[in-house]
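Sequence order for the protein chains is A and B.
For the first sequence, numbering that gives the first Met the number 0 begins at 0 and goes up steadily by one.
For the second sequence, numbering that gives the first Met the number 0 begins at 0 and goes up steadily by one.
Calculated directly from the structure, the hints in this document are not laboratory data.
Because the structure is a prediction, the values reported are computed rather than measured.
Just so you know, even glycine gets a beta-carbon here, dropped at the ideal spot from N, CA and C.
A hint or two may mislead.
[To be verified] The following label-pair restraints were derived from C-beta to C-beta distances:
hint, chain 1, residue 1, chain 2, residue 2, range
1, B, Asp13, A, Thr108, 50 to 60 Å
2, B, Glu59, A, Arg112, 28 to 38 Å
3, B, Ala115, A, Asn98, 23 to 33 Å
4, B, Tyr104, A, Lys101, 10 to 20 Å
2 protein chains.
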Amino acid sequence: MFKDELRALVDGSDGGLASLIMDSSGIALESYARDGAPFDIDMIGIEFSVVVNSIKRATEMLEAGVAREVAVNTEKMTTIIRMLSDEYFLTLTLRPDGNLGKARYLMRTAAPRLLADL
Amino acid sequence: MFKDELRALVDGSDGGLASLIMDSSGIALESYARDGAPFDIDMIGIEFSVVVNSIKRATEMLEAGVAREVAVNTEKMTTIIRMLSDEYFLTLTLRPDGNLGKARYLMRTAAPRLLADL
Chain A
0 MFKDELRALV DGSDGGLASL IMDSSGIALE SYARDGAPFD IDMIGIEFSV VVNSIKRATE
60 MLEAGVAREV AVNTEKMTTI IRMLSDEYFL TLTLRPDGNL GKARYLMRTA APRLLADL
Chain B
0 MFKDELRALV DGSDGGLASL IMDSSGIALE SYARDGAPFD IDMIGIEFSV VVNSIKRATE
60 MLEAGVAREV AVNTEKMTTI IRMLSDEYFL TLTLRPDGNL GKARYLMRTA APRLLADL
C-alpha cells in the first residue's frame, strides 16, 4: 500500500523517476523506481539521510522552525525530500526538466495518508 | 557592487528577507538583509555551509552530476542556495509564503554576473 502511493507519485509527476520512504538512518521502508531510472535508489536514501540530518541541525540552530521540505537540483536530477515526521521522510526524484511544482503538490497531499500508516 | 546585486535579489523577490555570498567554509563575503529580518544572517551562512558540503558529497556519491541549487523550506522561512562555483555560493532567504519561482529565476540570472567578479 506504501508501494501504491509511491508509484502514484512517480507516475503522476511529470518527469518522475523514483520515490522512497525512509527512516532517519537511511534505511528504506519502501521504494519504487520507474524502469530505467539511472541510479541506485537505495543509495539515494543513504546519501540523503546525511543531508537531511545536517539540515535538521541547521534549522534548529537558526530557530527557523521545523524543516518541512528540501529540494536538491543537480545536473542529472532533482530530488525533493519531504519530512513526514521526526523519524521518516519521503523522497521523489525527477528528471532535471521535471515539473517541480506538481511534484511538491503531490507529495504534500500524499504525506498525511502515508503518515497515518507509519 | 556585490551588495547592489544582493539588494536587488532581496527587494526584487516577493517575500525576500536576506541574501549573502559565502565561501564553502561558511564565511560571508557580502550580505544584505531587509530591516527586521527575523534571524542572524551570519548564522545562516555557517549553518548552511554544513548542509551544502553534505549535499556535495551526496551528489558525488550518487554520480548525480554537479549540485546546482538547493531549496530548504521550514516553518518560518525558505532558503535557496545556489552554487556559484566549487568555492562560492549564493543564498536567498524568503518568507515561507514567498515566490520561490521568481527567486530562483533572479538567482539564476544574477549568478554569471556575480561569478565574473569573484
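Here is what the structure says about each hint:
no.: 1; hint: Asp13(B) with Thr108(A): 50 to 60 Å; result: violated (24 Å)
no.: 2; hint: Glu59(B) with Arg112(A): 28 to 38 Å; result: holds (34 Å)
no.: 3; hint: Ala115(B) with Asn98(A): 23 to 33 Å; result: holds (32 Å)
no.: 4; hint: Tyr104(B) with Lys101(A): 10 to 20 Å; result: holds (18 Å)
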